Amino acid sequence: GLPADLNHEQKKALTAAAANYGCPLLYIEGVVPIPDDADFQATLIFGAAELAKRYEDLRPKTAVSLIVIGCPQASVGEIRAVAAALAGKTVAPDAPPLWVFTSSANKAIAEKIGIADQIRRSGALLLENTCPEVVPYDPSWVKHVLTNSMKAEHYIKSGLNGIPTSVMPLADCVGLATGDWGIDETRPAAAGTTKKAASVKKAAAGDKPEATGAFAASGHGLPSQGDFTVTGEAFVTDTPITLLGFVNRETAVIEEPGHPANGQSMAGKIAIFPKGSGSTVAPYVLLELFYRGKAPLAIANTEIDQQSAPACSLENIPYAYGFDRDIIANLNAGDLVELTRRGNVVTLRVVERR
4 GLPADLNHEQ KKALTAAAAN YGCPLLYIEG VVPIPDDADF QATLIFGAAE LAKRYEDLRP
64 KTAVSLIVIG CPQASVGEIR AVAAALAGKT VAPDAPPLWV FTSSANKAIA EKIGIADQIR
124 RSGALLLENT CPEVVPYDPS WVKHVLTNSM KAEHYIKSGL NGIPTSVMPL ADCVGLATGD
184 WGIDETRPAA AGTTKKAASV KKAAAGDKPE ATGAFAASGH GLPSQGDFTV TGEAFVTDTP
244 ITLLGFVNRE TAVIEEPGHP ANGQSMAGKI AIFPKGSGST VAPYVLLELF YRGKAPLAIA
304 NTEIDQQSAP ACSLENIPYA YGFDRDIIAN LNAGDLVELT RRGNVVTLRV VERR
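Take 4 as the starting number for the sequence shown in the working numbering and just add one per residue.
Worth double-checking, as some hints may not be accurate.
[What the hints assert, rightly or not] In silico BS3-like cross-links for lysine-lysine, where the CA-CA straight-line distance does not exceed 30 Å:
(1) Lys297 <-> Lys278
(2) Lys14 <-> Lys64
(3) Lys160 <-> Lys146
(4) Lys64 <-> Lys15
(5) Lys115 <-> Lys64
[Unchecked claim] Label pairs and their in silico Cβ distance ranges:
(6) Glu59 <-> Arg357: 42 to 52 Å
(7) Val233 <-> Gly182: 17 to 27 Å
(8) Gln228 <-> Glu355: 35 to 45 Å
(9) Arg124 <-> Gln309: 35 to 45 Å
(10) Ala217 <-> Gly346: 51 to 61 Å
(11) Lys146 <-> Thr93: 19 to 29 Å
(12) Glu253 <-> Lys146: 17 to 27 Å
(13) Ser221 <-> Ile112: 50 to 60 Å
(14) Gly182 <-> Leu29: 31 to 41 Å
(15) Phe49 <-> Pro27: 13 to 23 Å
(16) Ile166 <-> Ala45: 23 to 33 Å
(17) Thr46 <-> Asp141: 41 to 51 Å
(18) Asp8 <-> Ala95: 32 to 42 Å
(19) Gly346 <-> Asp8: 18 to 28 Å
Bear in mind the hints are in silico, worked out from the structure with no lab data behind them.
None of these values were measured; they are calculated from a predicted model.
Yeah, the Cβ is synthetic: ideal placement off N, Cα and C, and Gly gets one too.
Hey, can you work out the whole structure from these sequences and the hints?
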């Protein structure tokens with residue numbers, strides 16, 4: 004399990020990675036009191052062996068073009084760690100460049116205490132007020148990125164950039180930059196990598212039984228929206244959707260291998276899914292789809308979604324959440340459905356089965 008004395012950087016890395024996969028709230032046992040009435044949807048056992056297995060899966064197997072640290076933006080503690088790893092060393096001439104991303108506030112502290120100069124003297128770059136996941140990388144030379152961030156790996160390889168991305172601990176990332184080791188060398192495997200990682204079993208998309216017969220459910224709408232009635236084809240998935248990076252922002256097609264809806268488009272349909280996942284930049288993807296005429300006709304979530312709701316509110320895309328019946332189990336992709344709001348009540352019903 005987790006160490007009892009988690010530091011700020013460890014908490015940041017854990018929560019940032021968890022958010023990528025649809026975790027809106029994280030309780031850390033022994034750090035944050037867990038409510039007595041907590042309704043847990045699943046239990047995942049993740050220990051040292053599982054972490055080591057994940058690192059082994061994500062370690063670089065081919066030449067790296069660029070090393071990035073700071074997603075989310077590096078804290079002062081992480082900048083210190085980079086400076087300590089670079090102490091007395093320089094970025095090797097034949098090694099990948101090392102870029103460290105941080106905020107202007109943290110960079111100012113790093114300048115004041117001298118570690119910013121130490122990083123720059125080594126040949127690394129210290130960048131402020133931007134993030135590795137949104138950098139417009141030059142594809143002529145950036146072919147493979149190495150990072151210490153599970154979050155960065157999730158997004159850099161996605162449709163945002165589409166660049167193969169590997170992950171290693173911070174010290175190993177810096178070690179590659181300084182020439183302390185090379186990709187063709189065998190790195191010591193962490194203890195426990197031979198153990199099988201625990202996982203939560205999830206039903207495959209094809210296991211969902213076909214819904215039949217009449218169906219209607221009542222839910223809630225946004226305070227910023229008024230009455231509406233929309234009718235259209237249902238887009239249905241039981242898996243959260245990562246708008247930023249895994250939904251094509253020109254076509255609304257899901258581009259996430261392994262996702263049950265991979266290859267399917269939400270454009271012009273009533274999109275029905277649990278919630279969004281990943282970065283809070285996601286509303287901008289939905290806004291772009293709206294401006295291109297490729298947004299969903301409406302969105303219905305099982306719980307209010309910070310990814311979808313802001314854009315729906317701004318552009319008046321009909322939105323509903325929190326239904327009194329299971330809208331995912333009782334609707335099929337391709338059903339003709341109607342979403343209606345009258346006052347504070349939103350109703351989603353089947354007009355015709357597919």
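Checklist entry - Hints broken by the structure, by number, lowest first? => result 5, 7, 8, 10, 19
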